[in-house]
Each structure stands twice: as C-alpha cells, then as structure tokens.
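Chemist: For reference, the chains in residue letters:
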Amino acid sequence: MDLVALEEIRGLKYRYARTLDLKRWDEFAEVFTEDATANYGTKATSEPLTLEGRDAIVSYMRDALGGNIITVHFCAQPEIEINGDTAAGTWCFEDTVIVPDHRVMIKGSAYYEDSYRRENGVWRISHIGYVRTYELMVSFDDMPSLQLLANRWSEDVPQPQA
Amino acid sequence: MDLVALEEIRGLKYRYARTLDLKRWDEFAEVFTEDATANYGTKATSEPLTLEGRDAIVSYMRDALGGNIITVHFCAQPEIEINGDTAAGTWCFEDTVIVPDHRVMIKGSAYYEDSYRRENGVWRISHIGYVRTYELMVSFDDMPSLQLLANRWSEDVPQPQA
Amino acid sequence: MDLVALEEIRGLKYRYARTLDLKRWDEFAEVFTEDATANYGTKATSEPLTLEGRDAIVSYMRDALGGNIITVHFCAQPEIEINGDTAAGTWCFEDTVIVPDHRVMIKGSAYYEDSYRRENGVWRISHIGYVRTYELMVSFDDMPSLQLLANRWSEDVPQPQA
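Protein sequences, first through last, are from chains A, B and C.
According to the working numbering, the first sequence holds residues 302 to 463 in order.
According to the working numbering, the second sequence holds residues 302 to 463 in order.
According to the working numbering, the third sequence holds residues 302 to 463 in order.
Hints in this document: simulated from the structure, not taken from any laboratory.
Don't take each hint at face value.
All copies of an identical chain are treated as equivalent in the list; a pair is satisfied when it fits inside any one copy or across any two copies.
Claimed, not checked - Here are the computed lysine to aspartate or glutamate pairs in the DMTMM-like style, where the Cα-Cα straight-line distance is at most 20 Å:
1) 408 / 456
2) 324 / 456
3) 408 / 395
4) 324 / 402
5) 408 / 457
6) 324 / 457
7) 408 / 442
8) 324 / 356
9) 324 / 414
All chains should be modelled from the sequences, with the hints used to inform the complete structure.
Modeler: Shown next, in the form of structure tokens:
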C-alpha cells in the first residue's frame with residue numbers, strides 16, 4: 302500500500318473542494334491535468350454537464366459560482382485504488398448551494414467517481430464525475446424566520462421577514 | 302502505529318456506508334463477520350434495535366431501506382485503536398433519510414462505536430452500534446416549495462405544490 | 302512525509318470535536334496547550350470571539366454549550382503541514398446547533414485554520430480559529446411538523462404542534 306500517494310491524492314481532493322468553495326480559481330486550476338474531463342449534472346432536471354479540458358472546467362465554475370453564491374462541497378469516505386501513476390477514487394459528498402438573490406437553498410449528496418494521474422511527481426485530477434444520491438431545493442419563502450447570519454461573499458445577508 | 306491496518310479499517314467503514322446507501326446488499330454483507338452484532342435505534346422513539354449475525358443485519362437493512370427510500374450515512378472523524386487482530390473505533394456521522402412516499406425527511410447525527418476483527422488477513426465489522434446526538438423529522442408539508450430534483454432510486458420525484 | 306504525526310494530528314482534531322459535542326470538558330481541556338488561543342465568531346452578527354489560554358476556552362464552551370443544547374461539529378478535509386514540532390492545518394466543517402428551549406436551529410460551514418504544537422511527544426492545539434463560509438438560523442415555528450426524535454441531553458424533546 303503506497304501510503305504517501307494515498308495522502309497526496311486525498312490532499313488533492315481536499316484542495317479541489319476548498320479552492321472551489323473559496324472561489325480561488327487560479328489554485329483551483331492547478332488541481333486538474335490539462336486534459337481533465339468533468340461530468341456533473343442532475344438527471345432529473347437536465348442533461349448531465351460534460352466539460353473537456355482544465356480551462357473549460359475552470360471557466361464554467363468561475364462563471365457559475367461567482368458573486369455572492371455560497372457553495373460547500375463537503376467530501377469524505379475516500380476509497381482510493383492506486384495503480385502506478387494513475388489512480389481511481391470514490392468519495393461521498395454533501396453539497397449545499399445558497400443563492401441569496403434567488404432566495405433558494407439546494408442540498409444534496411452524491412458519490413464522486415474520479416481518476417487521478419501523476420505527472421512529474423504531482424498528482425492531479427484527470428477526470429471528475431458523480432452520480433447523485435439525491436438533490437433537493439427549497440425556497441427561503443417557506444422559512445419566514447430564516448436569517449443568513451453570515452455569508453463569506455457578502456455583507457448584505459437576507460433578514461427575517463417578520 | 303500500524304498505518305496499513307488503519308487504512309484498511311477506514312476503507313472497511315467507507316465500504317459499509319457506500320454499499321448501504323447504494324443498496325448493494327451482497328457487497329454490504331461482505332463487510333461483516335458472520336457473528337457480527339448491531340445495535341441501532343433511537344432512545345426517544347423506540348427501544349434500541351439489536352440484530353445478531355450478519356444475515357440478520359443484512360436482511361433488516363434490505364427490507365427497511367429498499368424501494369425509493371434515500372439514505373445517506375456520512376461518516377468521518379475516525380478514532381481507531383488497533384490491538385493485534387481486533388480493533389475498536391468511534392466515528393461521527395450525519396444521516397439523512399428521505400421517504401418520498403411518506404413525504405418526510407429525517408436528519409440526525411450520532412457516534413458509532415464499532416469493533417473490528419481481522420480474519421485471514423481481512424478486516425471486518427464484528428460489532429456496530431451508535432449513540433444518537435440528535436435526530437429530527439420534518440414533513441415536506443412544511444416546505445411547499447420543496448422540489449426533490451434527483452433521487453437515485455426513482456424518476457418520479459415530488460414536485461412543488463404551488 | 303511524517304505519516305505518524307499526520308495521524309496523530311488528525312486524531313487530535315477528532316478528539317476536539319467529539320469531546321466538545323459530547324460535553325466531556327475534562328478531556329476537552331486536554332486537547333489544548335496551556336497557552337492556546339481561539340478565535341471564533343460570526344462577522345455578520347457580532348465581533349469575533351477571542352479567547353486566550355486553555356482555561357478560558359474550556360470555561361467559555363462549558364458555559365455556552367451546557368444543558369440540553371445539541372451541537373455537532375463535523376470536521377473533514379484535513380490539509381496539514383508539519384514542520385518539526387509545530388504544524389498548521391485547515392479543515393472544512395459543518396456545524397449544527399439546536400437550542401430546544403429557544404426552538405431554533407443554526408447550521409453553517411467554515412474553514413478551521415489551526416496551529417498545533419508537540420510537547421513531550423504529544424500534539425496539542427495551540428491555536429484554533431475559523432472563517433465562516435455561511436451560517437443560518439431558522440425557528441422551529443416555520444416547521445410545525447418538526448419532531449426532535451432524539452436529544453442525547455434530554456428526554457424532553459419538542460413534539461409536533463399539530
């Protein structure tokens with residue numbers, strides 16, 4: 302068992318989640334191989350989203366998740382198989398997306414099915430995809446008491462209606 | 302510190318959660334010793350549920366969590382003590398159970414208190430149990446805007462009432 | 302890569318979360334160096350809370366989180382940098398706080414930014430702090446069906462209004 306590679310790949314995935322949720326797009330780009338592919342999306346509402354190449358992935362995320370949108374991709378349960386300079390991994394994650402301007406919150410869970418490649422001694426994500434266990438959306442209008450006490454991306458947080 | 306055994310036991314627990322939530326019952330059976338015991342349940346609503354033997358655990362889960370029921374058992378915070386071919390571990394987990402037919406969602410958190418045993422070089426769960434920190438249930442009726450955008454187990458997802 | 306120190310620091314953080322959420326204050330004290338500092342708080346609602354010294358941290362938590370208050374600090378995504386006998390780490394966490402007497406639930410996520418120090422071979426937390434990604438509060442009054450099925454700290458759990 303290559304324990305060091307295991308730590309490196311786990312660290313890579315944590316960096317993916319952190320730089321995505323903290324909107325650090327230059328560091329986010331660094332977690333992918335140049336030819337990385339991504340397969341995101343929700344069967345029930347739309348065709349899965351397929352992105353080809355690091356630049357396409359980063360551009361998509363930068364455009365979709367900017368502004369005051371809050372995202373949390375919370376990853377755990379790594380099951381990693383290493384095979385020389387490539388590896389495959391599954392992860393459970395729970396995601397929270399809050400769009401203050403639309404007054405909605407989206408919560409869900411899925412299993413990532415990733416591939417990794419080591420180039421010049423550095424592990425990167427060569428493919429990322431997931432299959433949703435569930436995803437739900439609810440409007441703030443159903444929770445008139447709801448207060449957004451903190452939003453890292455905005456001082457202007459919705460206050461209760463009452 | 303036996304780092305390899307540590308990785309194997311963590312991987313075992315992740316396989317437990319994944320095969321449970323993905324309803325892969327044959328693989329789920331493989332994570333338990335034949336004489337495994339389980340102790341699940343919620344003090345406030347019922348007597349704890351005690352199951353004896355791998356077959357009893359798998360049968361119970363297969364019957365209780367089939368159909369279009371969504372479950373997520375999200376585990377982290379492993380604290381594992383290894384003692385030769387046996388080990389003990391605690392884990393924090395958060396669980397989400399959505400029963401679309403009853404229009405309810407259950408959320409909670411607990412600490413697993415597990416025992417593991419290595420037989421012929423393979424770690425398995427010999428006892429699994431937990432003590433709940435909390436558990437709550439809420440009806441979809443309180444959130445008329447709620448949309449279940451994806452359910453891995455059903456194309457037929459509840460839509461908003463309005 | 303010092304794999305053993307990595308395991309020890311991760312275990313330390315898990316002990317922090319577990320002893321905090323299980324209100325085991327004597328064990329909780331043990332995770333800190335005597336001169337530990339803490340920086341908690343939510344920009345939107347109040348000044349950040351700064352605590353100096355292990356005793357101040359433990360006293361604050363013991364006073365603030367006693368009784369039947371439910372807390373879950375669920376930590377994952379460790380990114381740890383070790384430098385001899387000191388280390389720095391970031392962690393994503395999601396927290397749930399339920400105050401039955403006030404009928405409110407608080408949910409949020411943040412990134413911990415910690416420092417660790419090894420004294421006489423034992424790693425302890427020398428600084429703990431976080432920056433919130435988001436935090437929200439909602440009243441039970443918006444969810445008349447809500448049942449608290451279990452609370453580790455009380456037999457007396459709120460029942461649905463209907």
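Chemist: A separate judgement is required for each hint: does it hold in the structure or not?
Modeler: Going down the list of hints, with the structure as the test:
1. 408 / 456: between (23 Å within a copy, 18 Å between copies)
2. 324 / 456: Intra 17 Å, inter 33 Å, cutoff 20 Å: intra-copy only.
3. 408 / 395: For residue 408 and residue 395, the Cα distance is within 20 Å both inside one copy (7 Å) and across copies (13 Å).
4. 324 / 402: For residue 324 and residue 402, only the intra-copy Cα distance (18 Å) is at most 20 Å; the inter-copy one is 38 Å.
5. 408 / 457: Cα proximity of residue 408 and residue 457: across copies only (18 Å, versus 22 Å in one copy).
6. 324 / 457: Within one copy only: 18 Å inside, 34 Å across.
7. 408 / 442: Both: 16 Å inside a chain and 18 Å across chains, each within 20 Å.
8. 324 / 356: For residue 324 and residue 356, the Cα distance is within 20 Å only inside one copy (15 Å; across copies 36 Å).
9. 324 / 414: between (22 Å within a copy, 17 Å between copies)
Of the numbered hints given earlier, the model fails none.
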